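J.: With chain V fixed as given, assemble chains S, P and H with the ligands onto it according to the hints.
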Amino acid sequence: MDRKIYLDNAATTPVKPEVVEAMLPYFTERFGNPSSVYEFAAQNKSAVTAARETIAHALGAEPAEIYFTAGGTESDNWAIKETAEAYSQKGNHIITTKIEHHAVLHTCEYLEKHGYEVTYVNVDENGVVKLDELKKAIRPTTILISVMFANNEIGTIQPIKEIGEIAKENGILFHTDAVQAFGHVKIDVNEYHIDLLSASGHKINGPKGIGFLYIRKGLKLRSYIHGGAQERSRRAGTENVPAIVGFGKAVELAVATMDERMKKELELRDYLISHILAEVPYVRLNGHQKERLSNNANFSFQFIEGESLLIMLDMENICASSGSACTSGSLDPSHVLLAIGLPHEIAHGSLRLTLSDDITMDEIKYVIVKIKEIVEKLRSMSPLYEDFIKRQ
Amino acid sequence: MDRKIYLDNAATTPVKPEVVEAMLPYFTERFGNPSSVYEFAAQNKSAVTAARETIAHALGAEPAEIYFTAGGTESDNWAIKETAEAYSQKGNHIITTKIEHHAVLHTCEYLEKHGYEVTYVNVDENGVVKLDELKKAIRPTTILISVMFANNEIGTIQPIKEIGEIAKENGILFHTDAVQAFGHVKIDVNEYHIDLLSASGHKINGPKGIGFLYIRKGLKLRSYIHGGAQERSRRAGTENVPAIVGFGKAVELAVATMDERMKKELELRDYLISHILAEVPYVRLNGHQKERLSNNANFSFQFIEGESLLIMLDMENICASSGSACTSGSLDPSHVLLAIGLPHEIAHGSLRLTLSDDITMDEIKYVIVKIKEIVEKLRSMSPLYEDFIKRQ
Amino acid sequence: MYTEKVMDHFKNPRNVGEIENASGVGTVGNAKCGDIMRIYLDIDENEIIQDVKFKTFGCGAAVATSSMATELVKGKTVQEALAVTNKAVMEALDGLPPVKVHCSLLAEEAIHAALWDYAEKNGIKIDGLEKPKNDISEHEEEEEY
Amino acid sequence: MYTEKVMDHFKNPRNVGEIENASGVGTVGNAKCGDIMRIYLDIDENEIIQDVKFKTFGCGAAVATSSMATELVKGKTVQEALAVTNKAVMEALDGLPPVKVHCSLLAEEAIHAALWDYAEKNGIKIDGLEKPKNDISEHEEEEEY
Ligand SMILES: Cc1ncc(COP(=O)(O)O)c(C=O)c1O
Ligand SMILES: Cc1ncc(COP(=O)(O)O)c(C=O)c1O
Numbered sequence: 001m002d003r004k005i006y007l008d009n010a011a012t013t014p015v016k017p018e019v020v021e022a023m024l025p026y027f028t029e030r031f032g033n034p035s036s037v038y039e040f041a042a043q044n045k046s047a048v049t050a051a052r053e054t055i056a057h058a059l060g061a062e063p064a065e066i067y068f069t070a071g072g073t074e075s076d077n078w079a080i081k082e083t084a085e086a087y088s089q090k091g092n093h094i095i096t097t098k099i100e101h102h103a104v105l106h107t108c109e110y111l112e113k114h115g116y117e118v119t120y121v122n123v124d125e126n127g128v129v130k131l132d133e134l135k136k137a138i139r140p141t142t143i144l145i146s147v148m149f150a151n152n153e154i155g156t157i158q159p160i161k162e163i164g165e166i167a168k169e170n171g172i173l174f175h176t177d178a179v180q181a182f183g184h185v186k187i188d189v190n191e192y193h194i195d196l197l198s199a200s201g202h203k204i205n206g207p208k209g210i211g212f213l214y215i216r217k218g219l220k221l222r223s224y225i226h227g228g229a230q231e232r233s234r235r236a237g238t239e240n241v242p243a244i245v246g247f248g249k250a251v252e253l254a255v256a257t258m259d260e261r262m263k264k265e266l267e268l269r270d271y272l273i274s275h276i277l278a279e280v281p282y283v284r285l286n287g288h289q290k291e292r293l294s295n296n297a298n299f300s301f302q303f304i305e306g307e308s309l310l311i312m313l314d315m316e317n318i319c320a321s322s323g324s325a326c327t328s329g330s331l332d333p334s335h336v337l338l339a340i341g342l343p344h345e346i347a348h349g350s351l352r353l354t355l356s357d358d359i360t361m362d363e364i365k366y367v368i369v370k371i372k373e374i375v376e377k378l379r380s381m382s383p384l385y386e387d388f389i390k391r392q
Numbered sequence: 001m002d003r004k005i006y007l008d009n010a011a012t013t014p015v016k017p018e019v020v021e022a023m024l025p026y027f028t029e030r031f032g033n034p035s036s037v038y039e040f041a042a043q044n045k046s047a048v049t050a051a052r053e054t055i056a057h058a059l060g061a062e063p064a065e066i067y068f069t070a071g072g073t074e075s076d077n078w079a080i081k082e083t084a085e086a087y088s089q090k091g092n093h094i095i096t097t098k099i100e101h102h103a104v105l106h107t108c109e110y111l112e113k114h115g116y117e118v119t120y121v122n123v124d125e126n127g128v129v130k131l132d133e134l135k136k137a138i139r140p141t142t143i144l145i146s147v148m149f150a151n152n153e154i155g156t157i158q159p160i161k162e163i164g165e166i167a168k169e170n171g172i173l174f175h176t177d178a179v180q181a182f183g184h185v186k187i188d189v190n191e192y193h194i195d196l197l198s199a200s201g202h203k204i205n206g207p208k209g210i211g212f213l214y215i216r217k218g219l220k221l222r223s224y225i226h227g228g229a230q231e232r233s234r235r236a237g238t239e240n241v242p243a244i245v246g247f248g249k250a251v252e253l254a255v256a257t258m259d260e261r262m263k264k265e266l267e268l269r270d271y272l273i274s275h276i277l278a279e280v281p282y283v284r285l286n287g288h289q290k291e292r293l294s295n296n297a298n299f300s301f302q303f304i305e306g307e308s309l310l311i312m313l314d315m316e317n318i319c320a321s322s323g324s325a326c327t328s329g330s331l332d333p334s335h336v337l338l339a340i341g342l343p344h345e346i347a348h349g350s351l352r353l354t355l356s357d358d359i360t361m362d363e364i365k366y367v368i369v370k371i372k373e374i375v376e377k378l379r380s381m382s383p384l385y386e387d388f389i390k391r392q
Numbered sequence: 001m002y003t004e005k006v007m008d009h010f011k012n013p014r015n016v017g018e019i020e021n022a023s024g025v026g027t028v029g030n031a032k033c034g035d036i037m038r039i040y041l042d043i044d045e046n047e048i049i050q051d052v053k054f055k056t057f058g059c060g061a062a063v064a065t066s067s068m069a070t071e072l073v074k075g076k077t078v079q080e081a082l083a084v085t086n087k088a089v090m091e092a093l094d095g096l097p098p099v100k101v102h103c104s105l106l107a108e109e110a111i112h113a114a115l116w117d118y119a120e121k122n123g124i125k126i127d128g129l130e131k132p133k134n135d136i137s138e139h140e141e142e143e144e145y
Numbered sequence: 001m002y003t004e005k006v007m008d009h010f011k012n013p014r015n016v017g018e019i020e021n022a023s024g025v026g027t028v029g030n031a032k033c034g035d036i037m038r039i040y041l042d043i044d045e046n047e048i049i050q051d052v053k054f055k056t057f058g059c060g061a062a063v064a065t066s067s068m069a070t071e072l073v074k075g076k077t078v079q080e081a082l083a084v085t086n087k088a089v090m091e092a093l094d095g096l097p098p099v100k101v102h103c104s105l106l107a108e109e110a111i112h113a114a115l116w117d118y119a120e121k122n123g124i125k126i127d128g129l130e131k132p133k134n135d136i137s138e139h140e141e142e143e144e145y
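For the protein sequence lines, the chains are V, S, P and H, in the order given.
Using UniProt numbering, read the first sequence as starting at 1 and increasing by one per residue.
Using UniProt numbering, read the second sequence as starting at 1 and increasing by one per residue.
Using UniProt numbering, read the third sequence as starting at 1 and increasing by one per residue.
Using UniProt numbering, read the fourth sequence as starting at 1 and increasing by one per residue.
One thing to keep in mind: the hints can contain errors.
In silico DSS-like links for lysine-lysine, alpha-carbon gap of 27 Å or less [unchecked claim]:
| hint | chain 1 | residue 1 | chain 2 | residue 2 |
| --- | --- | --- | --- | --- |
| 1 | S | K98 | P | K32 |
| 2 | S | K4 | V | K45 |
| 3 | H | K11 | V | K4 |
| 4 | S | K365 | P | K11 |
| 5 | V | K365 | H | K11 |
| 6 | S | K390 | P | K133 |
| 7 | H | K32 | V | K377 |
| 8 | V | K45 | P | K11 |
Here are a few chain S residues that face chain V, going by a calculated C-beta distance under 8 Å [as the list claims (entries may be wrong)]:
| hint | residue |
| --- | --- |
| 9 | A11 |
| 10 | V15 |
| 11 | T73 |
| 12 | H202 |
| 13 | P207 |
| 14 | G228 |
| 15 | N240 |
No lab work stands behind these hints: they were computed from the structure.
None of these values were measured; they are calculated from a predicted model.
Positions of the beta carbon are idealized from the N, C-alpha and C atoms, including for glycine.
Isolated chain V (complex conformation) (with noise of 0.2 Å):
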């Protein structure tokens, strides 16, 4: 294959070209402080509006709740660390799962060592968090849950709803990353009973170092960046305004292919599943069979490391990544893949492909072969396997 084939999506998107087109006016033309005076730059305002309306329709919520960040990990720091902040006078007790981004985790973290308490959550086999654990860990001093819409690694997603009703009747606020779930999957803040919500661009072919956080109208939560009155007094810094208007027309491209983009990554997804799980011998799916993101397929293949895996793949012209890539270049298994129950050296193993509707199902199908080719030669200068045929 010349063309690069790009399988890495949950990573980071290509910016669609529209949304550059979108973009570049407001770098070098348009480029005033839309809280100036003079008209120039206050028309600015106005497409700052737009995005932020765009946003808010994709969710079901106002435009009001939108506060624009620099990306999602700046959002769920926010949501945990300011609602912890506004209602600790109701508690210290945060409930999330072990398979959060580390922009959850390690912001959960950061709260433990500041006199908060975090229950982490189990999930099952299929990485589908565990509700009643979820409901016994509640306690009077609970504060907020934090469950991520859709998991980075394996694509799993949650029982959203189910865990707003929860939430709800506890009166206990309920924060979802949705980074690798806004723009891929129908989200309605009000059907699920979501108090916060965290995106990013970058992963819905928008530009990087924007995202949004949503708070839902009346909550008490304050700034977590502090300065000018930027974003209603929330959040300051100048407006990035050419990627906030990128940021709007990637989610209006993103939700108006929203079901077609669907259908054709399911059925490339499917294939890919089904037929690496049929060729290959000594591999499993990692995630839900069928509640996981349309582009997600992660799989690991006994007796091989990933990193291997994946420079061989690289060298086919094939992108991929081994968990998610903040960890790829670490030597710790992903921590989803243990929370699943895989042993490490079967973590080790892990792929992870991430698919857009660009693919082509020839691409799909060359994929398969080199797989293949690539976990016979790994395995065959594997000690491990040599280990297990002669055990045999």
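T.: Below, chains S, P and H with the ligands without anything else, positioned relative to chain V:
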């Protein structure tokens, strides 16, 4: 004038075409996450490294001391809050000034609500921090001195070297908000004994939504934004590669053109200042006459109000601001103008003109004519002026 | 930020100026807050406002509301002028940004202050008119985060 | 991330495989940490390493360091092989990223383990060779922020 005369470069600047050029490939082509294993994305790491080196070089710092953030505001929040946290064993006292940007002031106010004590040192009538007061404010529990390099409203450049020396002699960390100075003034973190320095891309013809915090090697500061292991585990969030590349390019250009640019701006600025002071009655120049940013002129016109002045200038195609852009929608007069001793009603009549080397002398002459006309018109409508004249 | 009507009244303010020996003059607001309005009324023996002028130190909205308020009371009787509320001024301007609503209140107060001055000078009492505050200190704080 | 030399040894690893009835076999590392290396040595009666093979479960650097280590000891005497340090392996590869330095240590250990096995099988003692740990648990924590 047909052309818009943009005199609000302290609020934000247009992105230079070369900078947009440098960024463009990173949106659609080289979009990959730099932490990825595959080469196509790993290459982006070197683009980020190159930008980091350019910036470090501009400051006399090490590349490993530069941490990219989402802007000046985040850098200020990080520097101050995490110094407070990391050094809370040593003490709980911070010294800053009355004329800091809200990103510093509101962060300090936040800390005051959390058990820290903050001294806000006064400035003199030129906006220069009172060094004797600053020295007297030092306590055994003082952990940080935060003084901006140059003021965003009145342009006064602080005696940063002296302050750095005071901090060093007393074993106190020194942070400077250099958002207005970086790229406009020569800065050497070692010569000036700066431990922490904030800067922002969009003030030097770079993109919005990107900034950095310089953290001197060895400082114990931890992350402010928790999550993935980006920026040597100190600032989480998928790297905003296009913006980082653009920031690097903007710094490269700013450094290369600094001397020439300052020379041109100084000529324009001094012409503007001398003519306004000579030709308009009842006006004062705010900020230091000499120790000021080469592109900043700030006047107070008695008997008139700033917003009206701005709208009328806008009608003549002149973009300017009154106080800082962030607060120009608000009714309170600028805290900076009050701090240099202006009475409220005079502070209300302030006008900030911040030039660029893109401005011509003809445009400056046109601006002077228009200011004269408009000030006259507004005074003819002003009850304060009426009273003043009748009292003569 | 501003509607076209506001911009029109700012760019071409109606009735700017002073009236010598005015029947009533009212000045409200204070320089500290950045808004001062002064209204001059020329009222004839039939209690009809024959002429009105204003001077304003303030923002775009302050100028526009002054201008509009003078338009709304010109040619009216004292009682009719008294009935011109800040809401009427705002509506006539097609609205104001929330942070600028106080300007319309100031315009209403300025009219009242001028009417009060007229009443005092003539030793009469105008039904429904209360002594105006010098300053409308409706300096409501924005919610702080 | 990796130097060209590392990539070359990863793409075309030298001496992959097994040696039947090897003079010595050493396996180090553990699957939990994601690296296992096994080295087979064929040593002749003059204590010269006639052949060497490896199998590795691990990352790109683990494969490349195994490959390079086998190249460095091939044809050498036992004493010479013992002197091949992880530093020598790294240098021969034009360096490794800091997080991957442990792979070169593992390669050194694997050689030592195979030599130890050879010594044990032959009831000899090799000067300067210590019993290798099964696992080089040099799992140093990165500084946490
Ligand atoms: C589930 C999840 N949460 C949070 C993040 C962080 O988003 P960002 O990198 O935009 O800050 C990511 C992606 O990296 C993610 O997948
Ligand atoms: C002195 C100063 N500090 C901080 C900031 C905040 O920078 P940013 O808007 O990029 O967050 C600004 C500009 O708004 C500034 O002028």
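J.: Next step is simple, just say for each hint if it's right about the structure.
T.: Results of checking the hints against the structure:
{"no.": "1", "hint": "S:K98 x P:K32", "result": "holds (19 Å)"}
{"no.": "2", "hint": "S:K4 x V:K45", "result": "holds (19 Å)"}
{"no.": "3", "hint": "H:K11 x V:K4", "result": "holds (19 Å)"}
{"no.": "4", "hint": "S:K365 x P:K11", "result": "holds (23 Å)"}
{"no.": "5", "hint": "V:K365 x H:K11", "result": "holds (23 Å)"}
{"no.": "6", "hint": "S:K390 x P:K133", "result": "holds (24 Å)"}
{"no.": "7", "hint": "H:K32 x V:K377", "result": "holds (21 Å)"}
{"no.": "8", "hint": "V:K45 x P:K11", "result": "holds (22 Å)"}
{"no.": "9", "hint": "A11", "result": "holds (4 Å)"}
{"no.": "10", "hint": "V15", "result": "holds (4 Å)"}
{"no.": "11", "hint": "T73", "result": "holds (4 Å)"}
{"no.": "12", "hint": "H202", "result": "holds (6 Å)"}
{"no.": "13", "hint": "P207", "result": "holds (7 Å)"}
{"no.": "14", "hint": "G228", "result": "holds (3 Å)"}
{"no.": "15", "hint": "N240", "result": "holds (3 Å)"}
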